Each structure stands twice: as C-alpha cells, then as structure tokens.
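So the protein lines, in turn, are chains H and C.
Take 25 as the starting number for the first sequence in this note's numbering and just add one per residue.
Take 25 as the starting number for the second sequence in this note's numbering and just add one per residue.
Hints are computed from structural coordinates only; laboratory data are not their basis.
There could be a bad hint or two in this list.
Repeated chains share a single entry, so a pair holds when one copy, or any two copies, can fit it.
The list that follows gives simulated cross-link-like pairs (lysine-lysine, DSS-like), each with its CA atoms no further than 27 Å apart [stated by the list, open to error]: (1) K214 - K422; (2) K291 - K309; (3) K65 - K97; (4) K429 - K309; (5) K214 - K84; (6) K333 - K46; (7) K252 - K214; (8) K219 - K252; (9) K240 - K291; (10) K307 - K65; (11) K418 - K109; (12) K120 - K84; (13) K90 - K107; (14) K240 - K132; (15) K418 - K84; (16) K354 - K65; (17) K154 - K422; (18) K107 - K309.
Everything numeric in this text was worked out from a predicted model, so none of it was measured.
Number of protein chains: 2
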Amino acid sequence: MEKLDLAELNKNRILISDVFEKNIKNVEVAGWVHNTRDLSKVKFIILRDFSGMIQVTGIKGKTPEKIFKDMEKIPRESVIYVKGKIVDSKQAPNGKEINPDELIVMNKSEELPIDIPLNIKDESTTELPKRLDWRSLSLRTRKSQIIFRVQAKIVEGMQEYLRGNGFIQVFTPCIMGVPSESGSEVFEIKYYNGKAFLRQDPQLHRQLTVLGGFEKIYDIGPVWRAEKSHTIKHLTEHRVCAVEKAFIDNEHDIMKLEEQVIISALKKVNEDCNKELEELGIKLKIPSAPFPEINFPEVYSILEKMGKKISKGEDLDAEGEKLLWEYVQKKYQGVDFYFLNKFPHKIKPFYVKGEKNSDYARSTDLYFRGMEMSSGGQREENYETLMENIKNRKLNPKSVEWFTKFFKYGAPTHGGFAIGIERITMILLGLSNVREAVLFPRDPERIVP
Amino acid sequence: MEKLDLAELNKNRILISDVFEKNIKNVEVAGWVHNTRDLSKVKFIILRDFSGMIQVTGIKGKTPEKIFKDMEKIPRESVIYVKGKIVDSKQAPNGKEINPDELIVMNKSEELPIDIPLNIKDESTTELPKRLDWRSLSLRTRKSQIIFRVQAKIVEGMQEYLRGNGFIQVFTPCIMGVPSESGSEVFEIKYYNGKAFLRQDPQLHRQLTVLGGFEKIYDIGPVWRAEKSHTIKHLTEHRVCAVEKAFIDNEHDIMKLEEQVIISALKKVNEDCNKELEELGIKLKIPSAPFPEINFPEVYSILEKMGKKISKGEDLDAEGEKLLWEYVQKKYQGVDFYFLNKFPHKIKPFYVKGEKNSDYARSTDLYFRGMEMSSGGQREENYETLMENIKNRKLNPKSVEWFTKFFKYGAPTHGGFAIGIERITMILLGLSNVREAVLFPRDPERIVP
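From just these sequences and the hints, can you work out the full model?
This is the structure in structure tokens:
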C-alpha cells in the first residue's frame, strides 16, 4: 500500500452534520466508507463520520476520470478524504450530496471479517462472541455509536446533579491490601513479593473518606467480581457511580438522593439524545420521585401470595425478583424504578446498619424493570455495634481492623449507593446483553481485545 | 458508650457556612469538634463541618447546666449536634457564635493517635507514613480538604472543555489479556485458571475505540505501574484524564487540544476555589496558549551548553529534566507549562508515529514546572509501518496481534495524551509529596488502608 502524506488532509475537514446544518458550498470531509453502489454511469459512496452520513456521487464525464475510476474499487470501511461541491439532490438521503473534485484513500480496508449491518434495524449475521473479538469493527454500527453516547450522557446527568448539590468527585483506591468482602469472588494481584486484591466495591474507602470529613462525595470508577457467572447481565469488570453522604437520619435520605441522581441522568439522555432514542424506537419515561418502596419482611408475603415461598431471613433469588417485577407492574402502573428495602440483616455485610431491635437492615436495592441496578443504604457508624456485627458474623476482627479502627475517632451517620453504569445503560436501551453496553467487555472467558 | 437514637438530629441541620451567609437566628448544626477551650466561667467549642467552622460558647449560669458541664469533657474530633441561638460576637471568629440550648455527642472520639494541626499553616508533628496509616484522621485538616476540592475542580474543568467540544466520556478496560507495554512494570492478576494484567495506560484501548468510529473520546480512570521507585512523585496506582482524537494532521493538533484542557482546568480551579487558594497562599497563573515547545534533537545541544552531555537518541534523565526547567525559566519568563516534542523514536513504543525519514517521533511530553505531567502525541495508523516498528523493536508480532489486526480495516490518523491527575494537583498546590494528592495512596509498601 502506498504511504501517503496525510499531513494536510484534516486541516479544513468539516463534520458531515455541518454539511447539512450549515450552508456551505465547497467542503472537505473525511470518514469511513459506509457503502458503495456502482450503476456504471453513476457511482455512489456513502461516507460516514461520527456525526452522520452523506452521499458522494461520481458522474461519468463530469467527475474527474481518475476519481470516477477509483470510486468502484474502494472497499467498505476504508478511511477516505473527499473534497468537493455540495449540490442539492432529491434522490440523496437528507437532500444533499457531494460531487467530488478530489478523493484520497487515507487508509484502505481489507475484506471485513464480520458482518457490519448497514442499517440500524438490521442485526449482524455474526454471533456476539465473534463481534466482540472484532470489537473495533462491531462498534462501527449506528446502534453501538448510540449506546455509548447515551452511556456518556447518563454519567453526565448523574454528575450534573451531584456537582450541583455540593458533592465532590473523589478517587478511592482500586488496589486493596485486604479483600473487601468475601474472599471467593475477589481477584488477587501479585503485588511485589506479596499479594493484593481488586476492589469489589469502593464502598469501604468511600466510608473512610466520609470519616475523613468529606461529607458529600462520589466516585466514578471500575469494580471487579471474580464470579463464574456466564449470564447476559454479569461482567467481571464494570463501572459504578458510587455516592456517599454524611449526616443522614436514615436510609430514606439516601433513597431520596438516589432518585434525584437517576432522574437527572434520564433527563439528560432525553434532552441530549432525543434523536438517537428515536432512531432506536425508544420513548424514555422520566420517573417521578418517590419511587415505590417494598420492604422486607412484606416481600415474603407478597411472593407467597404469588405462589413463591421464601423462608424469612433468606435472600431473594432470580425467580423472586421476576415475580416482584410482575407485582410492581400490576400495583404501580407505568413504574420502572422501585426500591427493595430492609433486607434481612444477617445476609448483609457487617458494615450495614441494622434497624433497632429488628432482624432487618437499612439496606436498599434499586431495581429498574426487574433488574438490580444498585445496592445502598445506611452504614453502621457506631464502633461498638460494628464490633458486635463482626462477632455475629464470626469474622476475625483483626482482618477488618484496618477499616474499623477509624470508627473510634468521630464517625458521623452516613450512607450511600453504587449504581452500575453498564446495567442502567442496558435496561434503558433494552439491550439483550450487558456486553453490548461495554466497549471491551470482560468475563471469565474474555480479556482480549 | 450509650447508643443514641440519632434519627432526627440531621433533619433540620444547616451547614455552618449558611450560618454566616444567611441571617438565621435559631440553628441546628452538626460536625466535628475542632478544638475546645475552658475558661472556667466560659467554655468554647470550635465546631467544624465541611463548609466551615463556628464557635459554640457556653456561659456559666446562662447555658443549661448539663450542657455547660458536658462541654468540658468532649474530646477533639468527636461528632456533635448543637441546637442554639446565633449571636453576634466581636470576639468570635467571623463575628458570630452559637449559644447552645441542646448539645448531643453523636459519636465520641478516643484520644487521637496522630497530631492533627489546628491551623492551616501548622505542620503535623506526625510523620507522613503514620499520617497515611491514619488517613481518615489526617484528611481532616483544612489543607487536605482543599487539596481534594481543587483536584475535583481540575477534573471538572477538564471535563467541561472536553464535553463542550464534542468529546465523549468512555470507559476502557483495566484488565488486559496481554501486558500493554514492557512486562516488568506490570501487575499480574490471577484470572481464574490463567492470568491477566492491569493496564499501565488506557492508550491502546483508546486507540481501538477511535478505530471503532468514536472520533473524540476521553477516559478518566486508574492506571498502575509496578515500579519499585520510592520517590515523592511515584505511585503504583494513579489516575489519568486520557484523551484521544481522530483525523489529526500531526501531533500539534493534539498539543493544541491539551493546552485547552489544561487552561480550562486551571481556570475552573481559579474561579471555584479562589478562597481556598488564598488560604494556601497560592496565586494561580492561567497559562496562555501556545505553550513553549522544545524539540529533540535540539534538547541535546541546549543541555550540552549547560554542561550536560546526553548522546543523541538517548532519553532525558532526572538531571536533564531539571536543567531544562532552568532553561525554560530563563528563556520564557513566567512560564509554567512547556512541551518536549520529537522524542527519539527508538526509545518509544511501536505504536508511536515516527517523523518521515527521521530518527525522531511525534511524541510529546507536557511538563509543569519541571515535572512530567503527561505523555502524548500522534499514533501510527498505517498497518505496514506498525509492523515495521514491531520488527525494528524485535517484538513478536503475535504478541501484539490482538491490537494490530484492527489497523487493517480502516484506521484514521489519530493521537492523544494522558494527564496525571495527582501530579498536576501536586505541582499546582506545591505539595512536597504526590501522596498528599491521593486519598489512599498506593506504593510498593502501602496497600492499606
């Protein structure tokens, strides 16, 4: 392949969307060859950049001969530069096309190893695993482009609310000297001559940051779980927007906060990705606060009435979650988000705050159309109670002393939650697999590319 | 310790800053006991929350007797709730104080294990390692509070520019199937029955995201280096704001972008942390673009004139960096930021774009007062040249095929940079150790708390 000097080809480049939005006659554009069509006397290239698509039309006898000849042999997905005149055209998509004066293949593509569908409504004929093997190619569909734009807007909407309400973005550590929860689902790192662990949740360090006097914080970053689950909703690496707040009265202060974070995220998507949602045929409903709240132990009797018996004190299983979503749909029409609250204390970690004189805890999960989206609630701030919780769970107090020791020196009441960014993207856009909401997903079998 | 029901104590709480800014007579506040003073007939508590400090004054015979008595035995750093009346007072800091009607110790502190200085100008008498062992306590100084507010504003300023200019926030993977650069400085993870690695830089996946059609992206997240360096500027875990852009002409397009990201960050800090900077005695200078640029091989002759001989084709060492900062201070008065450009190609990784017919590369480091802040430049997008680079570096093409294979299917020109968030915080605030700019720093000896 000839090595071109591409030095000056981007200087005057404009985005394809600007061709349609502004009234420009002579343009320089660059992007990927989305498709080509050869009608012998007329040749078409659909050129795509990240802002849109435009038709490049070559006409025999009118378009410079070399360009007209070149147009038939440019493979799909090659990167090209086009300089030309904008002309109105009834046949062209969006009513405008480019008649090229100059056309340079900046980077030629080989034959594609996977099927990249041309239209947003078409499914690739290539199976998901192979599409993920060739992720930089499968990302080039309009649907993928939309997914990650929407995801960025979800995060932006969350940040807007949090920053606007005095929350400070912090970065807590990913490497832990001690596994954060149970040892089995944690990834171990060779750390010089010893070992370390990847965090499963930034919660413990968020708590220690709050104890450090930062009353309102959030941390957007990765967490890891060495689960062996091979499901459409599990990843070994995912991202959370994790919030923590001091001086709360109870977990309802946290739930109110979480509602606003969710609403702000969805509003942002609705405002800034209106066109994209329309392309996917999605009509987004902005939820209104308060979200319905279903409490333990009431959950047990609701499920029992639906024919599902779970012993008191036990956790929900997948079937239970499904039935509850049915229940919510019937009872609260049109509702997508709802809280489960007051989980049994004994199935929750030692740092969760229990209700007074009760077997239940101030521990809250947020569900979005039947899928768990986040865990949260109030944390135990009293040192003596923390030590009791540890004793009741038969944990070795020494193993958590690095964390508990700080609670002897002035800990305010506090609580928080962590929203899974990929999961909310998945449910919001109705994706069939959470991997579609990750640029380069990680699961037990996949760590490349 | 008596377990209180703290349920209603936060409901009507207002921030201490609001006491001074708004005209409120009866207040409920809560926070940490910053200091106490007992003049026998008058007792003082300085109460601190994350917004400010206020004096609580108890007067014998006027303040309820139990409260007056309690005031003398509340240890520093305990968390307390105070309900009372605001009165103007010439003696009180900022002219107002609280006469308490109710005072509840929400969470009592034991005797502090480290020295937490009371005033921003005082240094702790406790050495840094021990202060980091007790991080939730050493974070409670005003200086630490300011450091992380400023850091959040640096990130916010960067995001504002990037979002405002069409860059999409993405999340690239932390877990890699193949080490991203040389094997020696990478952390290894036990990944089920095999192994994986922590990224040293999200660059390769940022490039693959650009090849996926996302032309303007940024990724804010952690990176890791298993260096054995025990210096004031090295961490094993740090955060970067990493940007990548497609369709560039050369590395100068990237440098221009980086300048704007830096300027936006510093402006944000200046606007939103004006008071905080003043407290630290810092006058922030907003740099203007373009930043000075010093190129290789000219760097060698500059250093030689200063008495430092480095062979052509070799990298800078710490002494060379120091001398260059001297040179910059003399030549460009008042300049803090400057680029070194055109590093020798052979010392750079295979994915860096070389200059045509030259031993030098489009590889750019940004320096801030003599410290390297970021690496960046243009990447090689031509498949054949990538393969030549790999051959010249005697790498096994198979080991990087997971990455290079994508360059056969339409790769635009592109480049980017990654700014170290902790380092820019450190230099901006004149901190003597980068660990002060990390909530919970990680180094070869420290992974707890």
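How the hints compare with the structure:
With identical chains, the CA atoms of K214 and K422 are at most 27 Å apart both within one copy (22 Å) and between copies (25 Å). Taking the shortest alpha-carbon separations for K291 and K309, only the intra-copy value of 9 Å comes in at or below 27 Å, while the best inter-copy value is 37 Å. Taking the closest pair of Cα atoms, K65 and K97 come within 27 Å of each other only inside a single copy of the chain (15 Å); across copies the shortest separation is 95 Å, beyond that limit. When the C-alpha separation of K429 and K309 is checked against a cutoff of 27 Å, the pair qualifies neither within a copy, at 45 Å, nor between copies, at 42 Å.
For a Cα distance limit of 27 Å, the shortest separation of K214 from K84 qualifies neither inside one copy, at 65 Å, nor across copies, at 61 Å. In the homo-oligomer, the alpha carbons of K333 and K46 never lie at most 27 Å apart, since the shortest distance is 63 Å inside one protomer and 56 Å across protomers. When the C-alpha separation of K252 and K214 is checked against a cutoff of 27 Å, the pair qualifies both within a copy, at 21 Å, and between copies, at 14 Å. With identical chains, the CA atoms of K219 and K252 are at most 27 Å apart both within one copy (22 Å) and between copies (15 Å).
Both within a single protomer and between protomers do K240 and K291 lie at most 27 Å apart by alpha-carbon distance, with minima of 22 Å and 23 Å respectively. In this assembly of identical chains, the alpha carbons of K307 and K65 never lie at most 27 Å apart, being 43 Å within a copy and 68 Å across copies at closest. Taking the shortest alpha-carbon separations for K418 and K109, neither the intra-copy value of 76 Å nor the inter-copy value of 47 Å comes in at or below 27 Å. For the homomeric pair K120 and K84, the shortest alpha-carbon distance inside one copy (19 Å) is at most 27 Å, but the shortest distance between copies (85 Å) is not.
In this assembly of identical chains, K90 and K107 lie within 27 Å of each other by CA distance solely inside one copy; the values are 14 Å within and 84 Å between copies. For a Cα distance limit of 27 Å, the shortest separation of K240 from K132 across copies, 21 Å, qualifies, whereas the shortest one inside one copy, 51 Å, does not. In the homo-oligomer, the alpha carbons of K418 and K84 never lie at most 27 Å apart, since the shortest distance is 83 Å inside one protomer and 49 Å across protomers. With identical chains, the CA atoms of K354 and K65 are never at most 27 Å apart, being 61 Å at best within one copy and 66 Å at best between copies.
Only between protomers do K154 and K422 lie at most 27 Å apart by alpha-carbon distance; the minimum there is 19 Å, versus 47 Å within a single protomer. When the C-alpha separation of K107 and K309 is checked against a cutoff of 27 Å, the pair qualifies neither within a copy, at 43 Å, nor between copies, at 43 Å.
Of the numbered hints listed earlier, those contradicted by the structure are 4, 5, 6, 10, 11, 15, 16, 18.
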